[in-house]
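Peer 1: Each chain, letter by letter, is given below.
Protein chains: 2
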Amino acid sequence: MATVAILAVGDELTTGQKIDTNSAWLSGRLLERGIETVEHATVADDPGAIGAAIVRLARAVDLVIVTGGLGPTADDLTRQGLAIAMGGGATGAAGEAVELVEDEAALAAIRRWFEWSGRPMPETNRMQALRPRGAVCLENRFGTAPGLQAQIAHERGCGGSHEGGRNGGRAETLVFCLPGPPREMRPMFEASVLPELPAPDRAIVARLVHAFGAGESHVAELLGDLMDRDRNPLVGTTASGGIITCRMRAEFDSAEAAERALDETERAVRERLGDLVFGAGDDTLESVVIDLLRARKQTLATVESCTGGLLGASLTEIAGSGDIYGGGWVTYTNEMKTAEVGVPRVMLEQHGAVSREVAEAMARGGRAASGADWAVGITGIAGPGGGSDAKPVGTVWIGVAGPERMDVRRFVIPGGREDVRQWSVRSALGMVRLGLIGVEMELLREAE
Amino acid sequence: MATVAILAVGDELTTGQKIDTNSAWLSGRLLERGIETVEHATVADDPGAIGAAIVRLARAVDLVIVTGGLGPTADDLTRQGLAIAMGGGATGAAGEAVELVEDEAALAAIRRWFEWSGRPMPETNRMQALRPRGAVCLENRFGTAPGLQAQIAHERGCGGSHEGGRNGGRAETLVFCLPGPPREMRPMFEASVLPELPAPDRAIVARLVHAFGAGESHVAELLGDLMDRDRNPLVGTTASGGIITCRMRAEFDSAEAAERALDETERAVRERLGDLVFGAGDDTLESVVIDLLRARKQTLATVESCTGGLLGASLTEIAGSGDIYGGGWVTYTNEMKTAEVGVPRVMLEQHGAVSREVAEAMARGGRAASGADWAVGITGIAGPGGGSDAKPVGTVWIGVAGPERMDVRRFVIPGGREDVRQWSVRSALGMVRLGLIGVEMELLREAE
Numbered sequence: 000m001a002t003v004a005i006l007a008v009g010d011e012l013t014t015g016q017k018i019d020t021n022s023a024w025l026s027g028r029l030l031e032r033g034i035e036t037v038e039h040a041t042v043a044d045d046p047g048a049i050g051a052a053i054v055r056l057a058r059a060v061d062l063v064i065v066t067g068g069l070g071p072t073a074d075d076l077t078r079q080g081l082a083i084a085m086g087g088g089a090t091g092a093a094g095e096a097v098e099l100v101e102d103e104a105a106l107a108a109i110r111r112w113f114e115w116s117g118r119p120m121p122e123t124n125r126m127q128a129l130r131p132r133g134a135v136c137l138e139n140r141f142g143t144a145p146g147l148q149a150q151i152a153h154e155r156g157c158g159g160s161h162e163g164g165r166n167g168g169r170a171e172t173l174v175f176c177l178p179g180p181p182r183e184m185r186p187m188f189e190a191s192v193l194p195e196l197p198a199p200d201r202a203i204v205a206r207l208v209h210a211f212g213a214g215e216s217h218v219a220e221l222l223g224d225l226m227d228r229d230r231n232p233l234v235g236t237t238a239s240g241g242i243i244t245c246r247m248r249a250e251f252d253s254a255e256a257a258e259r260a261l262d263e264t265e266r267a268v269r270e271r272l273g274d275l276v277f278g279a280g281d282d283t284l285e286s287v288v289i290d291l292l293r294a295r296k297q298t299l300a301t302v303e304s305c306t307g308g309l310l311g312a313s314l315t316e317i318a319g320s321g322d323i324y325g326g327g328w329v330t331y332t333n334e335m336k337t338a339e340v341g342v343p344r345v346m347l348e349q350h351g352a353v354s355r356e357v358a359e360a361m362a363r364g365g366r367a368a369s370g371a372d373w374a375v376g377i378t379g380i381a382g383p384g385g386g387s388d389a390k391p392v393g394t395v396w397i398g399v400a401g402p403e404r405m406d407v408r409r410f411v412i413p414g415g416r417e418d419v420r421q422w423s424v425r426s427a428l429g430m431v432r433l434g435l436i437g438v439e440m441e442l443l444r445e446a447e
Numbered sequence: 000m001a002t003v004a005i006l007a008v009g010d011e012l013t014t015g016q017k018i019d020t021n022s023a024w025l026s027g028r029l030l031e032r033g034i035e036t037v038e039h040a041t042v043a044d045d046p047g048a049i050g051a052a053i054v055r056l057a058r059a060v061d062l063v064i065v066t067g068g069l070g071p072t073a074d075d076l077t078r079q080g081l082a083i084a085m086g087g088g089a090t091g092a093a094g095e096a097v098e099l100v101e102d103e104a105a106l107a108a109i110r111r112w113f114e115w116s117g118r119p120m121p122e123t124n125r126m127q128a129l130r131p132r133g134a135v136c137l138e139n140r141f142g143t144a145p146g147l148q149a150q151i152a153h154e155r156g157c158g159g160s161h162e163g164g165r166n167g168g169r170a171e172t173l174v175f176c177l178p179g180p181p182r183e184m185r186p187m188f189e190a191s192v193l194p195e196l197p198a199p200d201r202a203i204v205a206r207l208v209h210a211f212g213a214g215e216s217h218v219a220e221l222l223g224d225l226m227d228r229d230r231n232p233l234v235g236t237t238a239s240g241g242i243i244t245c246r247m248r249a250e251f252d253s254a255e256a257a258e259r260a261l262d263e264t265e266r267a268v269r270e271r272l273g274d275l276v277f278g279a280g281d282d283t284l285e286s287v288v289i290d291l292l293r294a295r296k297q298t299l300a301t302v303e304s305c306t307g308g309l310l311g312a313s314l315t316e317i318a319g320s321g322d323i324y325g326g327g328w329v330t331y332t333n334e335m336k337t338a339e340v341g342v343p344r345v346m347l348e349q350h351g352a353v354s355r356e357v358a359e360a361m362a363r364g365g366r367a368a369s370g371a372d373w374a375v376g377i378t379g380i381a382g383p384g385g386g387s388d389a390k391p392v393g394t395v396w397i398g399v400a401g402p403e404r405m406d407v408r409r410f411v412i413p414g415g416r417e418d419v420r421q422w423s424v425r426s427a428l429g430m431v432r433l434g435l436i437g438v439e440m441e442l443l444r445e446a447e
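Chains A and B are the protein sequences, given in the same order. Under the working numbering, the first residue of the first sequence carries the number 0, and numbering increases by one thereafter. Under the working numbering, the first residue of the second sequence carries the number 0, and numbering increases by one thereafter.
Be aware that one or more of the hints could be misleading.
One copy or two, either will do: identical chains are not told apart, so a pair holds if it fits within one copy or between any two.
What the hints assert, rightly or not - Think about it this way: if two alpha-carbon atoms lie no more than 20 Å apart in a straight line, the pair counts; the simulated EDC-like pairs of lysine to aspartate or glutamate are:
hint, residue 1, residue 2
1, Lys17, Glu417
2, Lys17, Glu35
3, Lys17, Glu31
4, Lys296, Asp229
Note that these hints are calculated values from the structure, not bench results. Keep in mind the model is a prediction, meaning the values are calculated, not measured.
Sequences are here, hints too, so could you generate the full structure?
Peer 2: This is the structure:
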């Protein structure tokens with residue numbers, strides 16, 4: 000199996016101001032291609048440290064990917080670090096850096112970027128067209144920083160910690176430098192790095208099945224022996240925001256054999272999890288709910304209190320959902336609840352804003368005011384303040400009003416303010432889904 | 000300045016299933032104590048790789064902190080990795096691992112943990128009481144995994160990449176191994192690691208100043224020589240979602256001298272960036288807008304089309320904002336724009352939903368319908384479809400209606416759907432802020 004090491008560059012990472020998400024994303028994408036990540040490393044904006052890390056990692060793996068440090072400011076120093084690595088690569092000792100030269104095509108692309116955006120190009124952006132002599136610039140379609148591709152020559156097996164069974168001797172390792180912002184880095188990886196990677200010697204195929212409505216350990220219990228660690232396809236679970244994703248990964252001699260084995264495993268997973276499974280692959284709860292509504296030619300409206308617009312924002316993450324989701328209300332205060340969706344003032348006084356009655360009235364009122372087929376009302380205590388013994392922080396009432404049913408449920412969601420809000424959105428979508436497919440709400444256990 | 004390297008351990012990290020947040024948290028806490036993080040590294044659950052990484056890092060820094068791999072299952076192998084590092088530490092070559100012994104006090108603590116939780120102790124948890132001979136167990140008050148503390152003896156300066164001006168010769172590096180879950184790791188760091196750290200010989204103080212309304216390279220141009228790499232305080236910038244953060248870091252003999260130098264540098268930064276600066280430290284655009292409104296005893300309402308509730312969700316991320324932000328509307332369709340905030344149907348037909356006229360009408364209508372002092376209307380084409388030559392994807396009109404002014408601006412935002420939406424939210428908040436402080440909108444350049 001080919002190996003990769005990923006190096007993230009930036010003072011904002013080593014000082015703890017920012018969390019590196021690029022390395023995890025790259026590792027996931029590479030694993031799908033049958034390439035194993037043996038190390039993530041992060042160093043500061045220091046060309047010597049960057050160069051030394053590239054050389055060290057290049058000795059130990061087949062491929063090094065560097066992210067960050069390609070911006071237009073004086074503390075963007077990955078270009079210089081790569082030049083040092085390319086200079087010292089032959090001996091492994093820190094040699095002289097290779098020269099930085101201006102890449103004409105890259106400079107022209109940066110100029111075009113500014114022309115397109117109708118602004119003059121600041122002189123500082125010119126440095127982004129620099130590349131170490133011998134390196135190649137990679138096109139950036141979503142920003143000004145070109146990527147870089149180079150070969151580092153080095154002696155194998157002199158100090159790296161991951162040599163495994165490798166022999167010593169001269170070798171070359173491919174190095175890619177990509178910009179730090181994920182929206183620039185990811186498309187550049189897909190366009191410029193993936194096509195350069197060696198074809199895997201074994202077919203590795205992965206699939207995802209998504210479940211919602213139970214905790215991860217309950218899902219693991221239902222899956223049972225399907226999760227044995229020596230199984231092929233291998234089945235694992237990850238939990239994120241209440242959604243439990245089952246990853247299935249098959250490794251076979253041919254893609255056909257892998258797909259056949261995955262078909263069988265996926266069938267078994269779906270059988271054991273039943274209606275908890277809401278989708279596969281790129282499906283999200285939002286996309287599944289919108290697809291179900293579209294198939295029924297029905298529409299949805301939202302009335303949000305503690306989530307403050309987060310459910311509407313989630314539904315409109317999906318382009319072209321305007322025929323299904325027309326909009327709704329953020330009724331953060333009692334006044335808005337009364338004025339906009341007709342929650343009676345006396346009900347708010349008697350039961351409090353966070354109550355079964357108010358959640359139901361919000362959903363019914365939103366349905367009536369919008370004319371939509373379905374409406375959701377969410378009211379809860381996201382914290383950190385506002386809780387009581389009877390209604391602790393995390394208490395959320397969700398009402399779903401549909402053409403033929405009215406469901407109201409209480410959740411007590413653990414975690415901080417953002418956890419409570421995110422989980423409320425997922426739970427509301429989960430309730431709408433169960434309403435649409437005609438399943439009892441009892442399935443929706445409080446997630447762990 | 001004392002130096003630290005942080006090693007995260009776990010297959011879930013190197014395969015990209017989970018993002019490491021511990022290293023950033025530790026770096027931030029250590030920096031406050033004047034200890035500089037020179038590297039983050041992450042390796043899989045492999046005792047050889049863990050041991051080699053500990054030895055490599057120990058040679059280069061004064062302190063190594065390891066997180067993860069202390070659980071009760073077969074793939075928790077940090078104890079074994081530390082034993083290998085302690086065995087091979089004297090020569091730097093991979094020697095024999097030191098013996099693992101059962102720690103009586105640690106075993107008693109694990110037994111107490113299970114007694115307290117009323118469950119029998121599974122036999123697998125017994126392995127958590129193992130420690131390399133010569134290492135010390137650290138108490139875990141929030142879980143079953145004790146931490147470990149050890150000294151690694153090694154030769155300085157033989158292969159590490161961060162020696163700087165160090166001399167060679169024998170040295171000892173302190174190593175701490177902490178559990179992976181943040182809610183166990185963080186209190187253990189505070190209780191067991193912090194008291195063992197050397198008092199800082201130099202005072203290091205950091206500050207942040209946040210700007211919005213210009214691109215990173217424009218901000219860098221304005222900062223000019225303040226960003227020189229050999230300056231003390233050192234000034235750097237990072238961009239995230241259109242917000243440019245200036246990091247200032249001072250290193251002096253005393254905290255007073257550092258604070259004085261930072262006062263001067265912050266004054267210079269604010270002077271050069273002028274009204275682009277919206278806050279410092281933990282301030283966000285949302286918190287600053289809410290604070291400005293609160294100081295004026297004014298309120299805000301939102302009317303969102305392409306952002307679908309994202310602005311409301313951002314404002315309600317801040318707890319206790321209900322006195323300022325009462326809510327608003329998600330008017331995703333033309334029908335909702337007309338029905339809820341009175342945008343004339345003929346205006347929608349004549350100018351289209353994405354137009355100066357409609358943005359203004361949404362803001363004015365939202366202000367009238369809510370009775371709030373300020374209202375924001377956002378209408379745009381978030382893509383990927385729906386664009387035209389005259390109104391390309393990314394075209395967003397934002398209207399801000401206030402007690403004494405009405406501002407409407409067009410933005411053409413690059414990137415994907417989520418970029419356009421997020422940037423629209425920031426731009427709307429930026430416009431409200433400029434309205435509140437009475438500054439001309441011209442300041443708000445389109446960000447890169």
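Peer 1: Against each hint, give a clear statement of whether it holds in the structure.
Peer 2: Right, here's what the structure says about each hint:
no.: 1; hint: Lys17 to Glu417; result: both (18 Å within a copy, 19 Å between copies)
no.: 2; hint: Lys17 to Glu35; result: between (25 Å within a copy, 15 Å between copies)
no.: 3; hint: Lys17 to Glu31; result: between (27 Å within a copy, 15 Å between copies)
no.: 4; hint: Lys296 to Asp229; result: neither (45 Å within a copy, 64 Å between copies)
Checked against the numbered hints above, the structure breaks only hint 4 and satisfies the rest.
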